[in-house]
Amino acid sequence: MSQPFRTEKGGRIERAEQLTFTFDGEEMHGHKGDTLASALLANGVHLVGRSFKYHRPRGILTAGSEEPNALVGIYRNGDQTPNMRATQVELYQGLEATSQNRFPSLGFDIGAVNDRLSMFFPAGFYYKTFMWPKSFWDKVYEPVIRSAAGLGKPPKNPDHDFYGNMYAHCDVLVAGSGPAGLAAALAAAETGAKVILCDEQAEFGGSLLSEVNASVDGKSPTEWTGEAIAKLDAMDNVTLLTRTTAFGYFAHNYVALVERVTEHLSSPDPKLPRERLWQVRAKEVVIASGAIERPMVFPENDRPGILLAEAGRTYLNRYGVKVGHKVVVATACDTAWQAAFDLADHGVEVAAIVDMRETPPESLLSIAKARGIRVEAGCVVTGTLGRKRVKSALIGRLMTSGKVASGGQIDCDALLMSGGWTPTVSLYSQSRGKVVWNADMGAYVPGKSVQKERSTGGAKGLYGLQATLEDGYAAGEEAAKAAIGKSAKITHAASSGGEAGEGGTLGALPHDRNAAKVKAFVDYQNDVTAKDVKLAVREGMQSIEHIKRYTTTGMATDQGRLSNMNALQIASGALEKPVTDVGLTTFRQPYTPTTFGVFAGVARGDFFDPVRKTPSHDWVVKHGGVFEDVGQWKRTWYFPKNGEDMHAAVARECKTVRDNVGLFDASTLGKIEVVGPDAAEFLERMYTNPWKKLAPGRCRYGLLLNDAGFITDDGVIGRLAEDRFHVTTTTGGAPNVFATMEDYLQTEWPDLDVWITSTTEQYAVAAVQGPKAREVIAPFIEGIDLSNEAFPHMSVKEATFCGVPCRLFRISFTGELGFEINVSRQHGKMMWETLAKEIEKHNGTTYGTETMHVLRAEKGYIIVGQDTDGTVTPQDAGMTWAIGKKKLDFVGKRGLDRPDLVAENRKQFVGLFTKDPQVKLEEGAQVTSAENPSTGTPAEGHVTSSYFSPALGRNIALAIVKNGHALDGKTLYVPMPDGSIPVEITGPVFYDKQGARINV
Amino acid sequence: MLLVYCPHCDVERAETEFSCRGQAHIARPSDPSQTSDEDWVNYLYVRANTKGVYAERWRHIHGCGRFFNAVRDTVSDKFLKFYKAGESMPDLEALAKEAGK
Chain A
63 MSQPFRTEKG
73 GRIERAEQLT
83 FTFDGEEMHG
93 HKGDTLASAL
103 LANGVHLVGR
113 SFKYHRPRGI
123 LTAGSEEPNA
133 LVGIYRNGDQ
143 TPNMRATQVE
153 LYQGLEATSQ
163 NRFPSLGFDI
173 GAVNDRLSMF
183 FPAGFYYKTF
193 MWPKSFWDKV
203 YEPVIRSAAG
213 LGKPPKNPDH
223 DFYGNMYAHC
233 DVLVAGSGPA
243 GLAAALAAAE
253 TGAKVILCDE
263 QAEFGGSLLS
273 EVNASVDGKS
283 PTEWTGEAIA
293 KLDAMDNVTL
303 LTRTTAFGYF
313 AHNYVALVER
323 VTEHLSSPDP
333 KLPRERLWQV
343 RAKEVVIASG
353 AIERPMVFPE
363 NDRPGILLAE
373 AGRTYLNRYG
383 VKVGHKVVVA
393 TACDTAWQAA
403 FDLADHGVEV
413 AAIVDMRETP
423 PESLLSIAKA
433 RGIRVEAGCV
443 VTGTLGRKRV
453 KSALIGRLMT
463 SGKVASGGQI
473 DCDALLMSGG
483 WTPTVSLYSQ
493 SRGKVVWNAD
503 MGAYVPGKSV
513 QKERSTGGAK
523 GLYGLQATLE
533 DGYAAGEEAA
543 KAAIGKSAKI
553 THAASSGGEA
563 GEGGTLGALP
573 HDRNAAKVKA
583 FVDYQNDVTA
593 KDVKLAVREG
603 MQSIEHIKRY
613 TTTGMATDQG
623 RLSNMNALQI
633 ASGALEKPVT
643 DVGLTTFRQP
653 YTPTTFGVFA
663 GVARGDFFDP
673 VRKTPSHDWV
683 VKHGGVFEDV
693 GQWKRTWYFP
703 KNGEDMHAAV
713 ARECKTVRDN
723 VGLFDASTLG
733 KIEVVGPDAA
743 EFLERMYTNP
753 WKKLAPGRCR
763 YGLLLNDAGF
773 ITDDGVIGRL
783 AEDRFHVTTT
793 TGGAPNVFAT
803 MEDYLQTEWP
813 DLDVWITSTT
823 EQYAVAAVQG
833 PKAREVIAPF
843 IEGIDLSNEA
853 FPHMSVKEAT
863 FCGVPCRLFR
873 ISFTGELGFE
883 INVSRQHGKM
893 MWETLAKEIE
903 KHNGTTYGTE
913 TMHVLRAEKG
923 YIIVGQDTDG
933 TVTPQDAGMT
943 WAIGKKKLDF
953 VGKRGLDRPD
963 LVAENRKQFV
973 GLFTKDPQVK
983 LEEGAQVTSA
993 ENPSTGTPAE
1003 GHVTSSYFSP
1013 ALGRNIALAI
1023 VKNGHALDGK
1033 TLYVPMPDGS
1043 IPVEITGPVF
1053 YDKQGARINV
Chain B
-18 MLLVYCPHCD
-8 VERAETEFSC
2 RGQAHIARPS
12 DPSQTSDEDW
22 VNYLYVRANT
32 KGVYAERWRH
42 IHGCGRFFNA
52 VRDTVSDKFL
62 KFYKAGESMP
72 DLEALAKEAG
82 K
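Residue numbers (the numbering used here), protein chains in the order written: chain A, 63 to 1062; chain B, -18 to 82.
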């Protein structure tokens, strides 16, 4: 159980509970309360990954969600999740982690050759290199780049976890639970406002959890935090969410949180989701996201063992881990000195404090002196040595000339650095607020609020424990007052210690090294150096937006939280412009990488999209029918018998319908009930056809256009009474037709007295088609004389089917004698089974959508959306007969007169015969006038439908072809990869041209 | 996700309950046969793409199903007014000025 870097005591880990975990297969130990990062450091492991581009050895840099280097794969249930930040992964018994972006091993990585060849990989490398020849792109460049790119490998299996979702409304949402966030939550909760407090960490408290040199109300910061949380927890109006990241701030104070529910557990309850999405609508938001420390940009600032100073302090005070035995602290500000002092107090040798400032504060110098710590003021680190772990720091003395003189070398096994603090303005920026430059702080801070939010504490650049607490209370009070109009008195906590520090630096530090040869990293995760940013400027990039894209700085998963300010300063220097003129990139959602699973939620598998089934579904399954998906519907495609393939089954079904009778489930057709005194007038205005003179009991084919004049839908409409119509639509078009009708009715013609109701799901529909259709339905229908004279083609009447009410239509989409029976959905199964049994007595068949398509194509009936494409007019389709000539107006009438719609050379609906009857055309194939058109020749049209017609014993097709109506008998071509297919233009009606078969 | 107010239901609901149907107050010409080709094309296709205050049509499609209009600032996504279909267009400039305060 050797953890050589674990302190004797202190920290918030549970020392009594030891946990075993593995990293790259090596077994190690840690404690409950550790993160993977702190446990690795306790074991002396700094090297945890290889960098993105140069494959340089990298270690843990931070202690938070901004970690750029320590990205690991976590194995669980036989699969791994890549790119997890070790600083956020909580340790549990049996945790398995692996390093990434290395081959064959972390210690020896072949890709590291990139580091030696780095002169060949400057900024903009991809733009400059992978340009030509064009043919190299898919065969050479892309595969090579793909195999080399990326950090972790994506998981191979479907995600076996599931994800939850919650909607929540609150008065005040507080994001972040450091001193400012806690105080804000306490103040807001006291008023009775509904408060949600969330924090991305496992525990509430933020910086309070690693603060040991201060007291709040006379208690230790952690004790005070515990009491504050206990108080909030006891209040009914407060919801507390740990391990919950506010990752997206959207319009109208809609904030998305992701709660990690089980990931930290060794054996989670399988009933719990891995993560839960909280969709919060907050009246007011308090952003208490704090500030993070900035790295210093000096050569070789990326070696394992180099960490941010506050991270070093957090590992010590919160996790009981020493980052090294001999530590150099490099800084430009006061706060890092505290890290040095805390380490010294735990017996760590602090080799030196290297402060850029010529005269650090006397108070700090005296404490350092008392602890016997060497101080190098007016000095910078100019480089480091040690490949897989830092082993010494090179020191340079800043001269008044601006040059740097060598100041020797200090041995160490860890180096802590601090370039000062950067407020975390991500959420504010996501809320569409514009940050403003504060020259005193050297930082961008939140400006005017665009939404109902305010930033508090470190997030707005305010430091120091007492000031932060006070600001938090004020923010909480203000938010509650704005949300619910109430205030409440609350005693503000009084603290001592934790004072704000002075100082800080931005940009690359001066050094005495060969600038062409050293790498000083600005963006660790994307391997961008100070040199790259300067090169981008030299090559003409002026705006930070261009510099960002050219170098990729700030484009890693932290969106530049660590790197932006340094990159800006370097660009500003190279451009010789003030920082404010260089611009700043915008932080966008998500704040930290968020799993796809949490976005998908339960909308996957069967729940991705609802499946709509018709009443015949179970019968079809039992009888071996094959389904096809039509939108959300499962429709029967065909019914194979005795091992038939699709071609054979469809040929048999077609022949049986034409010779005898067939049964088809037409329940998916859209149905709309149009009712009211003005129902006929309404349809008169909507459809091209005339409706007012249609007698009750009769039907008519209706054609629907949009106001541009193009066909959008069609269907048979039956008039049941003076004021009642049964409208049918295409299966896919039903929702749009209904919405369009509502739109015209509500907004154009509100004077019409009409109600429309979607009845698609209310009716089950059986189509019985074929010469024997009447005999099949006759035994079950009561109340109608079914003879041709009494109930001719295009009739509709209410009757009963097996005693249940039905609407019986005599209509045909096959060209045969046909009936469609509508019964209430609940009787659909009974109707289907009754008819399926009956047709057998008449040598009939059930048939599916493929046969339906063939039979209608033989008759030249269009399918809207297949034979039309939104640019086809009734004239184009040869359907001017459907237009009521005497009507003054209907939707689309004026559109039809537009010049382009009456022009010559429009594409028109025709039939096609292949010269060789055995050749079947591909639907969608282009039709040309030349047999072998040269490249770039526009097509004359395209094939819209193509089938083998059993009735004709040959292949037939439908197409839209330029001037097609005038080309009857002419030969055109369908060029295909295997050669051009000659076709003859014919009329679209192939079978029973006189239509005699439907009137029997 | 926007928060939308339905003036028919008198409730605020999430955007997912609604569908936005483009620019408001585009009336279908009352006598199409007397409308010029150019005017008809304007009615069909030409819409303002306003950066700023904009009146648009909404339908409470998963609620009452009814149409209404909203005035929205397309830059900030703030709604400045909701009103029922059929009511006249408010003074957009005045609304913009008021919101600017």
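These are calculated hints, taken from the structure and not from any lab test. Worth double-checking, as some hints may not be accurate.
As the list claims (entries may be wrong) - With the C-beta cut set under 8 Å, the calculated list includes, among others, these residues of chain B facing chain A:
#, residue
1, Arg9
2, Pro13
3, Thr16
4, Glu19
5, Trp21
6, Lys32
7, Phe48
8, Thr55
9, Ser57
10, Leu61
11, Gly67
12, Glu68
As the list claims (entries may be wrong) - Selected chain B positions facing chain A (in silico; Cβ < 10 Å):
#, residue
13, Met(-18)
14, Val(-15)
15, Pro(-12)
16, Glu(-4)
17, Gly46
18, Asp58
19, Ala66
20, Met70
Even glycine gets a Cβ: it sits at the ideal position worked out from N, Cα and C.
Of the numbered hints stated previously, which ones are contradicted by the structure, given in increasing order? 4, 6, 8, 10, 12, 15, 20
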